[in-house]
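K.L.:
Here is how the chains run, residue by residue.
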Amino acid sequence: MSTEIEPIKDPGLPAHIHRRADEDEKYAKRAERQVAILFMLSAFGTLLLIVSYIFIPGDKFIFVPILGSTNAAQLFLGLGMAMALFFIGAGAIHWAKNLMPDNEMVAERHEFRSSDEDREEFVKTVKAGAGAAGLGRRPLIKRTLGVALGLSGLTPLLLLRDLGPLPKEDLQKTSWKAGTRLVTDPGNRPILASDLEVGAVAQTLPELAAGEERTLNDIGKDAVLLIRLRPEDFNLDAERLSWTHEGIIAFSKICSHMGCAVALYEQQTKHLLCPCHQSTFDVTRAAKVIFGPAARPLPQLAITVDADGYLVAKAPFSEPVGPSFWERSS
Amino acid sequence: MTARERIAGNVAGYVDDRTGAAKWMKKNLTKVFPDHWSFLLGEICLYSFIILLASGTFLTFWFDPSQREVIYDGGYAPLSGLKMSAAYASTLHLSFEVRGGLLMRQIHHWAALIFMVGIVVHLLRVFFTGAFRKPREFNWIIGVGLLTLGIVEGFLGYSLPDDLLSGTGIRIAEAIIQALPVVGSYIAFFAFGGAFPGEAFIPRIYTVHVLLLPGIFLALITVHLMLVWYQKHTQFPGPGRTEKNVVGYPLMPAYMAKAGGFFFIVFGVTAFLGAVASINPIWLYGPYTPGQVSAGSQPDWYMGWLDGLVRMAPPLETHALGHTISWNILIPGLILPGIMFTLLALYPFIESWATGDKREHHLLDRPRNAPNRTALGAMALTFTLVGLINGGNDILSTTFHLTINQMMWFSRIAIFVLPPIAFVITKRICLSLQRADRELVLHGRETGRLVRLPHGEFVEVHEPISPEKAWTLTAHEQLAPLELPEYDAAGVRRPGLLKNKIRNRISRANAVAVPKVTESERKEIEHGH
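First to last, the protein sequences are chains A and B.
Read in order, the letters of the first sequence are residues 1 to 330 in our numbering.
Read in order, the letters of the second sequence are residues 1 to 529 in our numbering.
The hints are simulated quantities; they were obtained by calculation from the structure and are not laboratory data.
Keep in mind the model is a prediction, meaning the values are calculated, not measured.
Some hints here could point you the wrong way.
[Stated by the list, open to error] Residues from chain A that keep clear of chain B, each with C-beta distances beyond 10 angstroms, as calculated:
{"id": "1", "residue": "185"}
{"id": "2", "residue": "221"}
{"id": "3", "residue": "263"}
[Unchecked claim] Taking lysine-lysine and the DSBU-like style, the derived pairs with C-alpha atoms no more than 35 angstroms apart in a straight line are:
{"id": "4", "chain 1": "B", "residue 1": "23", "chain 2": "A", "residue 2": "26"}
{"id": "5", "chain 1": "A", "residue 1": "177", "chain 2": "B", "residue 2": "83"}
{"id": "6", "chain 1": "A", "residue 1": "26", "chain 2": "B", "residue 2": "31"}
{"id": "7", "chain 1": "B", "residue 1": "358", "chain 2": "A", "residue 2": "127"}
{"id": "8", "chain 1": "B", "residue 1": "23", "chain 2": "B", "residue 2": "134"}
{"id": "9", "chain 1": "B", "residue 1": "523", "chain 2": "A", "residue 2": "26"}
{"id": "10", "chain 1": "B", "residue 1": "244", "chain 2": "A", "residue 2": "9"}
{"id": "11", "chain 1": "A", "residue 1": "127", "chain 2": "B", "residue 2": "83"}
{"id": "12", "chain 1": "A", "residue 1": "288", "chain 2": "A", "residue 2": "270"}
{"id": "13", "chain 1": "B", "residue 1": "26", "chain 2": "B", "residue 2": "244"}
{"id": "14", "chain 1": "B", "residue 1": "232", "chain 2": "A", "residue 2": "9"}
{"id": "15", "chain 1": "A", "residue 1": "97", "chain 2": "B", "residue 2": "499"}
{"id": "16", "chain 1": "B", "residue 1": "358", "chain 2": "B", "residue 2": "31"}
{"id": "17", "chain 1": "A", "residue 1": "314", "chain 2": "B", "residue 2": "83"}
{"id": "18", "chain 1": "B", "residue 1": "232", "chain 2": "A", "residue 2": "127"}
Positions of the beta carbon are idealized from the N, C-alpha and C atoms, including for glycine.
Start from the sequences, fold in the hints, and give me the full structure.
P.N.:
This is how it looks when you write it as C-alpha cells:
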C-alpha cells in the first residue's frame, strides 16, 4: 500500500459515438424527411396566418375551452405566426442535431495577460505620450482644463431646468376653501347631509366655479371621501369632532403613504384600507394608522352645511395632503 | 468545382479584397462553443430582446404617447364616451381595431417578462457556477447593469398605456422621488413637468423607453457578447476539459444552425403565449384618474419584490426642523435596493478578496463544491422571494383565506429569519452532496442487486463508476484557507489586523469541504475488499 497521495486522473476526451444517421444512409434519409416535414409545418403556419387575416372578421369571438371567449382573428393570427416561427426553429435544430457533424473539437485557451515586455512597453508609451503633452510640466493648462470640463458639465443640468416649474406651494395647498361645496364624483352634484345614510361612503370633489375645468392634477389633490357613521361611534377630540357634521366625516382620499386612492372602506370595522400597500386607517379615530407602512393619518377636512343645507368645507385642509416630502413641516 | 462553389468563392474574394476579413472569418467561423443547456439562458435574453425591438417598433406605429384628453368613440363599447388620455385611447385602438395589434401588444409584454426571467435565471447560473470569476468580472458588472436597466425599462413600458393600474404605479414612483431628502419635490416637479400627474410624463418616458434605454441596451449587449466571444465561453468540468482548453462544437455549421433555430423557437413560443395567454388587458382597468384604484393592484413580477419591501416597511417618518424624511419609503424603495445591487455588482471582487484567489478560471464550479457562495446566493434569493411574496400579500390573503395582517407579519419576521436559515440549510445540503459524491467515487453506484454470501450475510452489489464520471466528480480544486499571520517575518505586527482576522475567518468558512477522493484512497478500498 502506497502512502503517496495520488489524485484521480483525467481520462481524456471520451471516444466519439457515431449517430445512426452517420452510419446508415437509411436513417440519414429519414432525418432529412423529418426536417422537411418540420419546415412544411412552418409554411402551413404562415398559410394559416394569411387565411385568418383575410377571412376572419376582427370582431368575431369564439368560445375556446380554458381560454374562454376569445377574439378569433387574434387567436388564429397568433397561432399561425407561432407555428410558422416555431417549426423553422425545430427544423433547423433537428437538422443540426442529426445531420450536421457532431464531433467535439478542442481549442486552446491563451492567458489574457500580455507578456511582461509588452506591458512595460505599454506603460512606457503612455508615460512618453503624457510627457510629450507636458501635462505634468504645465499645471496652468491642467487646472484650467479641469475648470472648463467641470463647468461644461453644468450645461445639461442648467438646460434641463425648464423641464418643470418649481414646486412652490403646489404640494402644500389644495383647491378646498372655506365654503367650497362638496360635489359627487362623478356627477358634480352638491350633497345634502340627508343624501348619505349611516354606513354610506361617497367620493367627492370641490365644486367648480362656472367656466372652470377640472384636471387630473386637481383630482390628485382634492379627492375627498365622505363617510357617515353614527355620531356616537366617533372617538375624537372636541376639535376634530367639530370638523364633522351629523356623523359625516371627510378625509383626503389620497394616501398619506404613497398617494394611491384609499378606496376600500370596510363598513363593519369602520376601517379604510389602501389597496396599494395595505395601510389601514381607523375612521372613528380621525383615520389614525392602525396597520401598514403609512406613518400619518389621512388629513381630515372640516365640513359643515351652508344656508341651503349642502355640505361645504368649513376650512381648507389644515395640512398638506398626499405623500410626504422634504418641505413638509409636520 | 461546381458553379455554386465558384460563386461562393467569388463573393468571399470580393469581400476579402475590400476588408481583408478572410483571416478573421476563417478563425471565427470555426470557433468552438461548449454545449450545456444552461448556456442557452443568455441566448433566450438576447432573442427576446430582438423580439422586443421588432414588436415594439410595430406598436409605435399606432401608439400615441400623449396625455392630451380625448373622448373615446372606438370599438370597445363599455368605455364609449369616457374621457381618457390619447395614450390610453390609442392603446385601445391597437387592441381592438388594428389587426394583429393585440397579438403584438401581448407578444411585446410576454417577451419583456421572458427577457427579465431570462436575465435573472442567467444571472443565477453565472453566480452559482462561479462564471463571474477572473477574467469575467467586467461582464458580470455589465450583466448587473442590464438587469437594473431591464427593471426600469419594463416599468416604463407597462406605464405607457396610462391605464388605471399603470397610473397607480407611476403615482408610487412619483412618491418615491418626492421622498428624496432636500431635492425630492424639485426632481418630482421637473420629471412630471409640474404637479402629478401633469401631461408631460408619458411623452417623456416614451422617449426614454423607445430610444434612450434601447440604445444603451444595444451598446451593453454588444460589449457583453464581444467579451464572451473574445474570452471564450466557460465550460463545466469533465473528461478532457481543462483550464487551458475549450471543448465543444464549431460555430459553423452546427452551432450556428442550433442557435439560429433556437431564436425561432423562442419567437414561436412567445407568439404562442401572445396568441393564447391574455396579458395586461388594459381595457378592463379603465383610464387613469388619481381618485380611483382597483383592489389587487400588482406590479409586474420583477418590481414585485420591491413593492413587497415597501409594503412590509414599518411606519417610520422623521419630522424635525420643519422637514420630513420618510424612512418608510426611502429604506425599502431606495436604500435597500441600492445596497443589494451594489453588493451584487461587487460580488466577484468581494469573493476574490476573501479567498485570495487572483487566478483565471474557465472551468465552472458545481454549486455544491462552493458551499459558501451557494449558501450566500440562496440567502439573497430567499430575501428577494419573501419580498416578492409580500408584494402579492393581498392576493395571497384572499386566495388562502388569511388576513392581510397575518401575511404582513409573516413577511416582516421572515425577511430577517428565513435568509440566515436558508444559508445554513443550503451549506449543509452542499456538504452532504459532496459527501454523496465521495461515497459514489469510493464505493461505486448502488445496483439494487442483493447477494447472499455463503455465511448468510446479505450485501448490495456496488458497481464502480466510469473513470470519466470519477474524474468529473473530483476535478474541482479545494482551496486551503488563507492564514494571514498576525506577525510578519520580522516579528512585527502587521497593519490592518482586524481586517486580516475577518478575512481569515471568511476564508476558513469558505474552505470547509468534504475532502475529495484521491486515487490512493480508491486503491486502498479495492485492496480492502
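K.L.:
Can you confirm whether the C-alpha distance between residue 97 of chain A and residue 499 of chain B stays at or below 35 angstroms?
P.N.:
violated (54 angstroms)
K.L.:
For the pair supplied as a hint, residue 232 of chain B and residue 9 of chain A, is the alpha-carbon distance within the 35 angstroms limit?
P.N.:
At roughly 25 angstroms apart (the allowed maximum being 35 angstroms), residue 9 of chain A and residue 232 of chain B satisfy the hint.
K.L.:
Is the hinted pair residue 358 of chain B and residue 127 of chain A satisfied, with a Cα-Cα distance of at most 35 angstroms?
P.N.:
holds (27 angstroms)
K.L.:
Compute the least Cβ-Cβ separation between residue 221 of chain A and chain B, then decide whether it is above 10 angstroms.
P.N.:
violated (7 angstroms)
K.L.:
Would you mind confirming whether the straight-line C-alpha gap from residue 288 of chain A to residue 270 of chain A stays at or under 35 angstroms?
P.N.:
OK: residue 288 of chain A and residue 270 of chain A at ~12 angstroms, within 35 angstroms.
K.L.:
Below or equal to 35 angstroms on CA atoms is what counts here, so check residue 358 of chain B against residue 31 of chain B.
P.N.:
holds (27 angstroms)
K.L.:
Can you confirm whether the C-alpha distance between residue 177 of chain A and residue 83 of chain B stays at or below 35 angstroms?
P.N.:
holds (27 angstroms)
K.L.:
Taking 35 angstroms as the top limit, are the C-alpha atoms of residue 523 of chain B and residue 26 of chain A close enough?
P.N.:
violated (47 angstroms)
K.L.:
Between the alpha carbons of residue 26 of chain A and residue 31 of chain B, is the straight-line distance 35 angstroms or under?
P.N.:
holds (31 angstroms)
K.L.:
Hey, is residue 263 of chain A genuinely clear of chain B, shortest beta carbon separation above 10 angstroms?
P.N.:
violated (5 angstroms)
K.L.:
Does residue 244 of chain B lie within 35 angstroms of residue 26 of chain B when you go C-alpha to C-alpha?
P.N.:
holds (22 angstroms)
K.L.:
Grab the minimum beta-carbon distance between residue 185 of chain A and chain B and tell me whether it stays above 10 angstroms.
P.N.:
Since the minimum Cβ distance to chain B is about 6 angstroms, residue 185 of chain A lies within 10 angstroms and the statement is violated.
This entry does not satisfy hints 1, 2, 3, 4, 9, 11, 15, going by the numbered hints stated previously.
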